[in-house]
Amino acid sequence: MTGSQFGLFGQDPWWMVLLKAVAIFVMLVVLTLFTIWWERRVVSRMQNRIGPNRVGPAGLLQSLMDGIKLALKEEIIPKTAHLAVYWLAPVISATTAFMAFAVIPFGPTVSIFGVETPLQLTDFPVSVLYVLAIASIGIYGIVLAGWSSGSTYPLLGGLRSSAQMISYEIAMGLSFVAVFLYAGSMSTSEIVSAQQPIWFAVILLPSFMIYVTSMVGETNRAPFDLPEAEGELVGGFHTEYSSLKFALFFLAEYINMVTVSALATTLFLGGWLAPWPLSLWEGANQGWWPLLWWLVKVQIFVFGFIWLRGTLPRLRYDQFMKFGWKLLIPVSIGWIMIVAAARALRNDVAIGNREILAGGAVIIVLLLLATWLIQARQDRKAAAQEQVEAESAARPFDAASGGFPVPPLPGQEFTYTSRRSLAGATTIVQDASVEPAITAREGDHG
Amino acid sequence: MTDTVTDVNTGEAVVFWVCAILAVAGAAGMVLSRKAVHSALWIALTMINLAVLYVANSAPFLGMVQVIVYTGAVMMLFLFVLMIVGVDSSDSLIETIKGQRLAAILLVLGIGTMLVWGIGNALAETSDIGLEEANAAYGGNVQGIANLIFTKYLIAFEVTSALLITAAMGAMVLAHREHWSPPPSQRELSEQRFSGDGVKGNLPNPGVFARHNAVGTPALLPDGSTSEASIPEPLRARGDVPPIDHTDVDEVQQITEGRTE
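Protein chains in written order, with our numbering: chain A, 1 to 446; chain B, 1001 to 1261.
By construction, these hints were calculated from the structure, which means they are not laboratory data. It is possible that part of the hints are untrue.
Here chain A is said to cover these stretches of chain B; the calculated rule only asks that three of the stretch's residues, wherever they fall, bring their Cβ under 8 Å from a Cβ of chain A [said to hold, decoys possible]:
no., segment
1, 1036 to 1044
2, 1066 to 1074
3, 1174 to 1180
Heads up, incomplete: computed chain A residues facing chain B, CB under 8 Å, no partners named [as the list claims (entries may be wrong)]:
no., residue
4, TYR130
5, ILE139
6, TYR140
7, VAL143
8, TRP147
9, LEU159
10, MET186
11, ILE338
12, ALA342
13, GLY359
Where is the CB? At the ideal position from N, CA and C, for every residue including glycine.
I would like the entire structure built from these sequences, with the hints used as guidance.
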């Protein structure tokens, strides 16, 4: 790689590389501890509880204590586990989670112990692809955990997660394309500096929205946490894991959350660049200040994750897959087509702003026409539905509705009246002498 | 980087020896392991190490695409199929053709020697020239690849993608199942459940109100009789239902009567 293209990258002395690597490691572990505490506090507030507030100031040390407790717990390994792979899975999960952070830019060039160096471990022409590659290796951890546990629920969780993460990685990768087109590079530091006048989240809003959606799917967080849906899969892929190995999965999940947030910040929110009112101050983008802007932006995303978890119920698996494949990916491809066409027109054809505006106006008119047509169709459908409902309302009302939702008790019958006339009234029971339900149950089966 | 192959710096040499050994080990492990999933893991190791070697050889784009496409997508699909189809199937070690193993080993050694010796000899005196110029022509390695793919090799690129899409379409057509009627909605399923005979809600738990909590012990009803519905279907079919010890019931009855008096 040429030195000229990437300035100071690749020229750090060895101790600087080591220092940065250790600093990133420590930062990620501390951020994980903080994020767990923050998540518990915020979710508690959303649920009218207080949350952890005993260990340390405002309960800040709670997750540290939990981590120590987790590490000291007895480890239970199922007899049917495939030991080597069972051991390997959490290691893959945790290491890949840390590795992705190597190319995230935290700030501009600063001076550390007299050495001028960028606040980023390394960068190369395909850094964003590197993050995708690491993420795709990270999936192995989950899939192998599911397989090697030798148990049903983890296997199902592992299968689900592999299907889910591969699907959402496609949408995620497609959302990057428009950013690459605009930045003219796949290196993270260049993408950040390409957002100098305006963030990509503003000019590439659809890409940003697709990325933000798919990053939740990619990290297995609510409402897309189907691989570990406790209602149906116990704990998903990590059901059979305990003690330190479980702690590694836990760590990986939270680091991944920070990683995708950092990537979103880098690609769409201008990375470490100061937000608008602050950017008027000249010193805002120099020295160590950008680290603070970066951290605040990442924490906003993390808060979004927590907020989602506190508010939304989990999606059904088929709906979730349909959403990814039939909505996110086609919309993403369509949007890339539009962006690429606009870029090509700008570059190759001598086209002015007036033509672009005129073209935009035509497209908007067409879109309006399309929405109008779709609306008309929906109205027709709704009218048909209403007619069906009116007909069913006219039919005599069966309070038990063929046993739905509550079956009648033995000897219990309902008077049939129209639904309209019954609005607000309670069901009328004809025969009040109802036998005990238990005998009825026995009668059904005995 | 116009120096000859023999002239490499220490970092490059370390990367080469570590990754090359791991890649060969992965390949050997892939052939030698008996479990299909283990084979898949070994080959993933080989692919990742090859990717690192590509990056070390100034081909970063190729290296990343290798990991994303082959390790991340293709091998993952392999694993997916292996996990669904034969989770625990492992190969047998019985030779089906006599002397096959020995012949295979000899042939592999022969081909290996030939390749290493031949290619090694051919490349020993060559030097890599023109990399700098090729990269500089379009302002970088990635830009250079993009230019070639989207101009000179556009047809080949498009034909390859058409081939892949055809394969994907074929798989979808083969796996597609036509719905003759729309699938039942949640409400319809629920109504169906409640319209038939049988218990509408949860079945009674087994082992309740008895000395055992084994799944084969039926629940006792308040009148002391047992509830058939509380025993799982397969156990009932096999007749694996233990007789009920009524001392429990009597005991409990005595206690409750004592309380009420």
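To see whether the hints hold, each was checked on the structure:
no.: 1; hint: 1036 to 1044; verdict: holds (count 4)
no.: 2; hint: 1066 to 1074; verdict: holds (count 5)
no.: 3; hint: 1174 to 1180; verdict: violated (count 0)
no.: 4; hint: TYR130; verdict: holds, 6 Å
no.: 5; hint: ILE139; verdict: holds, 6 Å
no.: 6; hint: TYR140; verdict: holds, 7 Å
no.: 7; hint: VAL143; verdict: holds, 6 Å
no.: 8; hint: TRP147; verdict: holds, 5 Å
no.: 9; hint: LEU159; verdict: holds, 6 Å
no.: 10; hint: MET186; verdict: holds, 6 Å
no.: 11; hint: ILE338; verdict: violated, 19 Å
no.: 12; hint: ALA342; verdict: violated, 18 Å
no.: 13; hint: GLY359; verdict: violated, 24 Å
Checked against the numbered hints above, the structure violates hints 3, 11, 12, 13; every other hint is satisfied.
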